[in-house]
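For what it's worth, the numbering used here labels the leading residue of the sequence shown as 9, then goes sequentially.
Rather than coming from a laboratory, the hints here were simulated on the basis of the structure.
Each hint should be verified, as a subset may be incorrect.
Claimed, not checked - Okay, derived cross-link-like pairs now, SDA-like style, lysine to any residue, Cα gap no bigger than 25 Å in a straight line:
id : residue 1 : residue 2
1  : K178      : H102
2  : K199      : L165
3  : K293      : P124
4  : K199      : L68
5  : K199      : P124
Claimed, not checked - What follows is a set of in silico ranges between Cβ atoms, one per label pair, in the way DEER data are often shown:
id : residue 1 : residue 2 : range
6  : D77       : A164      : 39 to 49 Å
7  : T84       : G133      : 20 to 30 Å
8  : A164      : D120      : 22 to 32 Å
9  : G133      : P188      : 24 to 34 Å
10 : D98       : A171      : 39 to 49 Å
11 : D97       : K293      : 29 to 39 Å
Even glycine gets a Cβ: it sits at the ideal position worked out from N, Cα and C.
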Amino acid sequence: MISPPKTTGGRAGLLIEDSDQCLWVRRCHGLGNVICLLPVLDRLHYQDYAINVITQPDWLDAFSALRPDFAWYNCTIDAPDDDQVVDLDDLTRHSSPCEHRTDEFGRLLAVDPPFPPPALAVPDGWTRPFEHLRDAVVFAPEGGHPSRTWPVEQAALLKDHLADNNLPQKLVLVGNDPAPEIPCNVDTRGKLQLTELFGLLAAAGVVVTMDSAVLHIAAALKTPTVAIFGGVDPAYRIRPEQPVVVIQANVTCCPCNKQETCRQSYNCIRSAAPTDITQAVQLAKNVETLTIKQVNCLPKRYLTQVSQELL
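Work the whole structure out from these sequences, hints included.
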């Protein structure tokens with residue numbers, strides 16, 4: 009077990025100097041990473057550690073409500089000295105996937121596995137504004153990197169494919185970037201606070217996402233989820249007991265876990281077709297555990313065309 013540093017500093021003058029066990033941890037990179045960190049912090053909190061998390065200011069309201077027993081701090085303002093903080097950003101800066109992210113955080117904090125999946129329950133007030141979108145398919149097209157982003161040409165076909173298969177006609181887009189243009193019924197990109205995103209994902213019928221923060225949020229909410237994966241092993245991101253259908257290409261170099269040999273062609277993420285996604289949406293409503301659906305690599309001619317269009 010770790011022996012975290014003690015501190016007398018606190019939020020809004022809160023003093024925790026009488027605590028025998030106190031942990032300060034910094035995680036500002038990747039919203040999904042903070043979700044994956046929660047099971048480790050929950051364990052330490054259960055063992056009577058005072059938990060103090062330094063993270064992004066835009067995330068504070070949501071996490072303060074979801075984990076009110078933790079103290080949440082703005083990474084852009086006052087924080088303890090570096091020698092008082094376990095900096096998980098720095099410790100994982102150059103790491104490649106080789107274990108589940110939660111297990112990695114546990115190892116770095118000297119907390120032994122096993123860990124349960126992240127679990128979130130949002131207040132009713134967060135979901136109430138989205139009752140009219142209940143049972144919709146919520147689609148998060150952003151992946152943050154070309155190796156984790158489904159081509160726009162494919163994403164643009166999803167709405168019609170859902171309608172052709174008699175699936176919910178409401179397709180709702182979420183994300184930070186309002187571009188590119190993707191046919192949908194409701195486009196919330198760039199318009200939601202984090203609490204609103206949590207509420208919408210909790211109300212959704214199915215979430216379709218890349219290997220991104222939305223995946224971790226939806227899975228933690230136990231919303232049926234379809235995740236389009238590139239070269240990372242899904243076992244390093246999703247627990248077996250989470251209700252997620254993974255679409256991943258059946259190519260020899262996959263998973264490469266960021267040790268890429270494809271010269272940035274990323275055929276793995278480009279091989280998922282809209283028909284694969286609509287089939288997975290139908291399947292996701294009836295699965296309770298991680299299900300990996302491998303798809304064949306699309307014809308080389310098509311992949312070359314998509315590659316040229318993305319340049």
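Hint check:
1. K178 / H102: Outside the cut-off at roughly 40 Å; violated.
2. K199 / L165: 23 Å, holds
3. K293 / P124: 22 Å, holds
4. K199 / L68: 18 Å, holds
5. K199 / P124: Answer violated: K199 to P124 is near 32 Å, above 25 Å.
6. D77 / A164: 39 to 49 Å: 44 Å, holds
7. T84 / G133: 20 to 30 Å: 28 Å, holds
8. A164 / D120: 22 to 32 Å: 46 Å, violated
9. G133 / P188: 24 to 34 Å: 33 Å, holds
10. D98 / A171: 39 to 49 Å: 47 Å, holds
11. D97 / K293: 29 to 39 Å: 37 Å, holds
Hints 1, 5 and 8 from the list above are not met by this structure, while the remaining hints are.
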